[in-house]
Amino acid sequence: MNEELIISGRENLMVDPQLHIWHWPIPLYLFLGGLAAGVLFFAALYYLLGKEEQFRTAVRRVPFIAPIALVLGLAALFYDLNHKAFFWQLYTTIRIQSPMSWGAWTLLVITTVSVIWCALHIREFFPDWDWKYQWLKDIESFFNRYKKPLAWVMLIFAIITGVYTGILLSAFNARPLWNTSVLGPLFLASGLSAGAASIVLASKNREERLLFTKIDLIILGTELFLIVHMFMGFLASTQVQIEAAELFLGGEYTMVFWIFVVVLGIIIPAVLDLMELRGKHIPALIPGVLVLIGSFAFRFVFVFAGQVSRWLY
Amino acid sequence: MRYAMAVDTKKCVGCSDCVVACQTENNVPIGFCRDWVVEVMDGTYPQLEIELRSERCNHCGNAPCVRCCPTGASHIVDGGIVLVKPNKCIGCGACIASCPYDARYPHPKGYVDKCTFCIHRVKEGMKPACVAVCPTKCMYFGDLDDPNSDVSVILRKRKSKTLIPEAGTQPQLYFLI
Amino acid sequence: MATRRQFIRISAMGAGAVMAGAAGIRLLGAGLTDGQKATLAALTGRTPTYCEVCFWKCAGWVYKDDKGSIQKIIGNNEDLNCNGRLCPRGTGGVGMYHDEDRLRKPLIRTDDRGTQSFREATWEEAFDYIAEKIKVISAEHGPECIALFTHGSGGKYFSTLLRALGSPHIAAPSYAQCRGPREVAFQATFGESLDSPEPLDIRDTKCLVLIGSHLGENMHNGQVQEMSDAIDKGATIITVDPRFSTAAGKSKYWLPIKPATDLALLLAWINVIISEELYDKPYVEKYTYGFEYLKEHVKNMTPEWAYGITTIDPTVIRETAREMANAAPAVIVHPGRHVTWYGDDTQRLRAVAILNALLGSWGRRGGFFRTETFALPEPPHPAYPTPKRTWRTEFPDLYKLADTVLANGVCDATVPDPSRNCKFQAWIVNGTNLMETLPNQENTLKAIQALQLLVVVDTMPMEITGWADVVLPECTYLERYDDLRVGPHRKPQIALRAPAAEPSSDTKPAFYMARELAKRLGVIDYFPFEKIEDQLDWQLKQVGSSLEEMKRIGVKTLDRTADDLYFYPDEDVEFYTATGKIELYSTALEGAGFDPMPKYTVHEEPPAGFYRLNYGRAPMHTFSRTSNNPNLTDLMDENSVWVNPRVAKEWGLSTGQYVHLVNQDGKKSEFPIRVRVTERIRWDSVYMVHGFGHQEKKLRRCYGKGASDTNLITKVLVDPVMGGTGMRGNFVTFITDLAGEEVVS
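Chains as they are written, first to last, in this note's numbering: chain A, 1 to 313; chain B, 314 to 490; chain C, 491 to 1235.
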């Protein structure tokens, strides 16, 4: 029999009996951030492809979700901080080796850019909008002139926003479940599919809905591939990663992962998308909402399960 | 200068004096600890073996906590000691999650806290509180770059191991076995 | 005591550097945590003390932070008891001071005993109440019917009070509930008892035999330190224990003996050492009496015979005996500490003493050294009155070899009994939680209910306080002066305890309490000094020191009067026995009607489905005294019951599960206890650490946590030789269904 015990009564808050330093605000932010990244990515992409008029919803209307999501996400992150009064220290330095540092700056940029983008398209919702102050009108015309560079910035930073959260988690070698480089692309894919699903939900244009249904399907397929790939990687890796994978292969997170994340969040929406593309008319609400649920559930499960995975007792 | 600590598992009796001494020396709040004692038992009665270890932050040479800190609050000073600047810490918890040894904890005041190798004592030529109090004198501390320091001498004499070196952290807490 | 911060000049241990460093670190300032800043600011002077958390009394220094609050205690480098390093209890002594559950004001009972109904009172009220009752009792029954139970420094002053009144009945539970049998056994063999700390030359021993000692979990500071030194020097450790103790983990030989059979093993060792002629021949020839009787007595107690009883392989018995003999005379068969196990304990310790004598370790380097102590003059006072009756005069045939008052004896003699025409009427209890200390709690309660007066002096609201008529809140050792420590060691030393802080709330030191009572009882002449500082200064000046000097140095070491730490070769030593020699054959025991040489007795084994209840210590606790200590409960706040995996499988138990324990008399544990399934315990026993399972709700940190073994010790095996209460004859079984009971966590 082998016993490995801490005999000096260690009971550090949020560390013992098992790490639980990050609670719901973190997966909430990861979801909102990913969603905003996806939405802004498609907006920028289709703008740059010159399809602004064709896909009005994607380029002009759905982006309004982004600043709301980002602000809520940032609020959740702020709420999670243990030393809130010092949060501004994040902006006194850039630390190349810390994905969280890039994230802090990236969020600053992408939130600003998304607000500007929405401001440029405010008349989608308020046709008679008047900026009132001359300096605001000047800013509007400035960005309208430089809309293309703005869109490029938005595109790049949307990708960074989508992928950095995955890289951030994968940089934690102390948490074997997260320590896989597949996590970055997987988070990006999940964010993009949430963005695409939002566009399908919001759009009233059949052509637009079909395109984004197709895009969503491809991305969901990619996600599924990446998930399988990730598990293959774990099972072929070291003991700690095998044990991390086992959390989902019989361990406590098995049900919630396979049911909510994979079946409800990926497989069923993919099948429904396929059926939609084949002509069967499916109410857009169902696959759209399922994808969003799946995207959130994925981040939730991974953040919690990741804290359970460990090297030592 | 590279500070390191060694703990003799053959002499440690698991009394946890190191934990209380650290607590009173560093005002660690009740309910928290910067170091702890682990018992490992192996075998079947009566063929049994026990190992006792006093553990703490390993002040790693390749510290993941310093790498992941977004504000630079977690930093390394001369001698390789990993410290936290409380006024730079935002309490994001990334360093706590990034430590494979579970050495850090969130201080009730909001910042992240952990073993500091009692740098305030080391600077005065004293040993860390845990090393100074240990009744079995099973703990050694010193500069690995000085071949005559306590820790260098004992590591030459005895076989030792570190915890999960395969995690790539280059821990500087050695266990004499 | 001055409350102004004073920068007392600290002794030469780098104090100057430390002070400069403190200022330097303050300049660095911004980068430090509060903890680091506070620590350096803590060097606002230090106060000497000696620890009260256990009886070892290590001397140390108390440091306060920049707000004047006690922060840290470290050992005094000059102290031979601790060599500058305190144990975890001593280091955690600050917790005793800061504990929020401390007693604050004197309490007087308002309703029936045990209903926990008290009212706060002034000290005057409390003293008047007590004095009145004592006067009545003394007049009606005689002052001899007042007894003191003590396990604390304050007891010294209550002792003076009682003796001044005419009562000799001062009981320390550490005798008959703990080390009594070995004191009597060693007294009978070598002519002197062992005392505390024991004179074991562990640091120079080549072979340490632990039979019934779990040194390492038992945190006798100096001995643990020396054991570590011995390991460094390559000493062998032989541990005999049914449990794989920490010491067993460091031993060359661990003998996993069947419980209750140790005496057989000891006799077999004696057999081997005599039959293979491994004993120290010149030593035995010169110093011992009765060798031929002993040789004849153990003739048939071979390792093979012992194997059948102890389950220890005969080869191992022989090998370990030879290992001991090889190391002799630098060998110690450790006498243990708590040795009241099965009722034949004096005889078992006689075997230990005999074994040591044969190996020639008594008085030799690496064995037992000769201590020297120091006699401080007592302040002049009238001669103590001769008591009219003592327990000896009332019970001439009982426990003939006991040489002090027995705590359980007093307790038994308080329970009304028609066959006796007298009983104890009043108890003063100082620093011992009798409810957990004396086995058979029911009996203790019967005694308490029959008392006319129960006064409890304590720092914490321990269980015993709930039964008192008057509770007197004592301030902790960090808040008072006490008698100078002059314990025996390799060199005589004096240690000072001075207060580092004013007494908290309305607490007071025992000196004050005893003196105030003495005033009211007309025996103030026995307390000639009004202030204890003046008494201490007077005593110190008699021996060439002073209070001022002691405050500066904390510990004063004096030279031995004779260079006789060990016997000289061929020294003519006189032993204080009837024969003047080390008695392998004990004339004292024979004279009292007991076996002059130990015989093996079979002890009861657990019935089917029951397991022997073994108990012990954890290095971070000293039972009730630390149960509620915040720093120490941080390390361990509940005990667990160790269960062998085979047994666990049978019962379906897993680690972390909570169960109740029930003993052979149907007594159930008050609270459930956590299970630890471990290979470290034998399949016929269970093990738990003593000192948990507190029932007193006022102890908020430890109430309801873990279970109390004392709860389950209802069968007491009394040693007829000296009255020791053997506690290891109880067996328990499990109740796994908690019936919805909530576990305190």
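Hints should not be assumed to be uniformly reliable.
Unchecked claim - Below, in silico cross-link-like pairs of lysine to any residue (SDA-like), each with a Cα-Cα straight-line distance of 25 angstroms or less:
hint: 1; chain 1: B; residue 1: K450; chain 2: C; residue 2: R855
hint: 2; chain 1: B; residue 1: K440; chain 2: C; residue 2: N573
hint: 3; chain 1: B; residue 1: K474; chain 2: A; residue 2: N173
hint: 4; chain 1: C; residue 1: K742; chain 2: A; residue 2: N173
hint: 5; chain 1: B; residue 1: K422; chain 2: B; residue 2: F345
hint: 6; chain 1: C; residue 1: K890; chain 2: C; residue 2: R855
hint: 7; chain 1: B; residue 1: K422; chain 2: A; residue 2: H20
hint: 8; chain 1: C; residue 1: K625; chain 2: C; residue 2: R609
hint: 9; chain 1: C; residue 1: K913; chain 2: C; residue 2: R879
hint: 10; chain 1: B; residue 1: K474; chain 2: B; residue 2: E437
hint: 11; chain 1: C; residue 1: K1187; chain 2: B; residue 2: I343
hint: 12; chain 1: B; residue 1: K422; chain 2: A; residue 2: N144
hint: 13; chain 1: C; residue 1: K1031; chain 2: C; residue 2: K890
hint: 14; chain 1: B; residue 1: K474; chain 2: A; residue 2: R310
hint: 15; chain 1: C; residue 1: K1188; chain 2: B; residue 2: F345
hint: 16; chain 1: B; residue 1: K436; chain 2: C; residue 2: K890
hint: 17; chain 1: C; residue 1: K742; chain 2: B; residue 2: I467
hint: 18; chain 1: C; residue 1: K998; chain 2: C; residue 2: R1190
hint: 19; chain 1: C; residue 1: K1188; chain 2: B; residue 2: Y358
hint: 20; chain 1: C; residue 1: K936; chain 2: C; residue 2: N911
hint: 21; chain 1: A; residue 1: K132; chain 2: A; residue 2: N144
hint: 22; chain 1: C; residue 1: K1158; chain 2: C; residue 2: G1106
hint: 23; chain 1: C; residue 1: K998; chain 2: C; residue 2: D555
hint: 24; chain 1: C; residue 1: K742; chain 2: B; residue 2: I343
hint: 25; chain 1: B; residue 1: K398; chain 2: C; residue 2: N911
hint: 26; chain 1: A; residue 1: K84; chain 2: B; residue 2: Q483
hint: 27; chain 1: B; residue 1: K422; chain 2: C; residue 2: R1107
hint: 28; chain 1: B; residue 1: K323; chain 2: C; residue 2: R609
hint: 29; chain 1: B; residue 1: K450; chain 2: C; residue 2: R609
hint: 30; chain 1: B; residue 1: K450; chain 2: B; residue 2: T357
hint: 31; chain 1: C; residue 1: K776; chain 2: C; residue 2: D694
hint: 32; chain 1: C; residue 1: K1009; chain 2: C; residue 2: K554
hint: 33; chain 1: C; residue 1: K623; chain 2: C; residue 2: R609
hint: 34; chain 1: C; residue 1: K1158; chain 2: C; residue 2: R1190
These aren't lab readings, by the way, just hints derived from the structure by calculation.
Give me the numbers of the hints this structure contradicts, sorted from smallest to largest.
Checked against the structure, the hints that fail are numbers 4, 6, 10, 12, 13, 16, 19, 24, 25, 26, 27, 28, 29, 30 and 32, while the rest are satisfied.
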